[in-house]
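**Q** Each chain is listed here by its residues.
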Amino acid sequence: MINFLTKIMPNVIDNWSGDNGILLGIWQTLYMTFWTTLIGGVLGLILGIALVVTDQHGILANRVVYNILDKIVNILRSIPFVILLAVAFPLTQILVGTTIGPKGALVPLILGTAPFYARQVQNTLVQVDSGVIESAEALGYNPWTIITSVYLREGLPDLIRTSVLTIISIIGLTAMAGAVGGGGLGYIAISKGYQRYQNDITLVCTLLILVLVFVIQALGDLWARKVDHR
Amino acid sequence: MAEPIIDLKNICVTFKEDQRDVHAVDHVDLQINRGDIYGVVGYSGAGKSTLIRVINLLQRPTNADAAVQVNGTDLLNLKASQLRDERRKIGMIFQHFNLMDALSIADNVDFALKKSNLSKADRKKRVAELLELVGLTDKANDFPSQLSGGQKQRVGIARAIANRPDILISDEATSALDPKTTVAILDLLADLNKKLGLTVVLITHEMDAVKRICNRVAVMEAGRLVETGDLLQIFSQPEAQLTKDFIDTTTHLESALAAVKQQPAIAHLKVGSVLVQLGYQGASTDQPLITELYRRFEVSANILYGNLEILQNTPVGNLLVVLSGTPKHTEQALVFMKEQRVSVKVLEKGTEEVAHD
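The listed protein sequences derive, respectively, from chains B and Y.
Quick note, the first sequence lines up with residues 1 to 230 if you use the working numbering.
Quick note, the second sequence lines up with residues 1 to 357 if you use the working numbering.
Since the hints were derived computationally from the structure, they do not count as laboratory data.
Honestly, I wouldn't trust all of these hints.
DSS-like, lysine-lysine: derived pairs with alpha carbons at most 30 Å apart [unchecked claim]:
| no. | chain 1 | residue 1 | chain 2 | residue 2 |
| --- | --- | --- | --- | --- |
| 1 | Y | Lys195 | Y | Lys115 |
| 2 | Y | Lys124 | B | Lys226 |
| 3 | Y | Lys125 | B | Lys226 |
| 4 | Y | Lys244 | Y | Lys9 |
| 5 | Y | Lys114 | B | Lys226 |
| 6 | B | Lys103 | B | Lys71 |
| 7 | B | Lys226 | Y | Lys115 |
Extracted from the complex, chain B is given alone in its bound form:
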């Protein structure tokens, strides 16, 4: 078996484990994806909810707050990610103490993800029937309860779908962040596969990322379908 594998993809086998090995790359990609999803997701969710409730038709309508948040999201969303990686360097150094490795990639990844996810959350939650929100207000619920029990509950199926979309885009970003020093499968594919003409490595890295994307997509679809009763 190993012989066969060594024959069809020698470089992959050579670079499978150890320093800068593919195994480590998988781990680094998962690490960056996980923490970016978690931290960027929470920040994006908060920002998205804040945009919905402070909107002029929102339950806590506040033009000033809305405009500030809206501008922040727009500006961060306008910076191309590759440039954001560079721009965020000083901030990264302050926050995590290093600018290289998966840890160093986290700050720009989160900065790139949170506003993107915030918009997705906003677009999802504004579609929650305003009549249902009104009926919750008529039942005497405070904004917090309306957010947690109505917005997030009614918006859940679509929220899951947009979250899957966001996670997949995070995986894409980790590859890019990896290429400029973050590590992970993207780094390996570029530094070993592309630059050293070891095409089998590029191919395997691609396949591994595809598997990751498909698994996340499938789980997300399953969950969304389960909670969707429309």
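Chain B is fixed; fit chain Y onto it per the hints.
**A** Just chain Y now, kept in the frame of chain B:
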């Protein structure tokens, strides 16, 4: 005089729309008594929805000198949390039901009990009780998407009365339903009014709905109440043209009149003949009036159109009649009828000479 449970004074709601002020509600006073089923009728855009949203302050009046008293509490001067407590005493149902798609029927009703002090077991019991009250016990575990419009509205009602409110506001709650379901939902509201002493405020553009269950009515147009009063009084003596139009949507009297006037026999009424509209209610309908007219005055009555409504157990009738006799006798007949507490409105007096042959 019953005690007013809702007392709105000098309510104005002005929206800004494209630099223009839109007066959705324009200096309205509204008193609703405990136990009333109060109907607010008007065409869409009249400001009804905006007005009733002032009752639980989902819509705040935009003028400073407005007063909103509900259940003896001045809602305008409450803190946000106190207002939320008061809102729980005012149930509300909606045209599009506004149920949560993500929750089962039982959970939708239970949603209203989130802030109640009931234990989990008591909440479950209360939900079961409410579902039974609206006749949906077997749908407890279904989801709203599996229910018909009428059933969804029943869930809406169960949710709205879960906290045992004193008031139920119905915002066009039957407008999205077919006529048969509409009647069933209206009867359920009337039933709750009777059983629970619930004061119901119903807004609608359907006079039929008002006629079926309301005891008091306000007619609304362009942000103002053009006429308010008892159902019987409004139906038998409408004053504003809009009120007449609305009543006609259920009695068809005005349209019948228009059709009747087209007839050649009416267009050329003979001297001594009059086209009258007779209105009567309650006891006066028991008398054999038409027979009396002929016996006493030899005036014959030709009934062209009639409408009889039973409003709050009182018959209210309207007839379009041509009375014919000698001019003198016809006059006497009209006087006689007025004495019998029949409202008489002369619509057309014959002017054409009777041909002598």
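**Q** Among all the numbered hints in the text so far, which are the ones the structure does not match?
**A** Violated hints: none; all satisfied.
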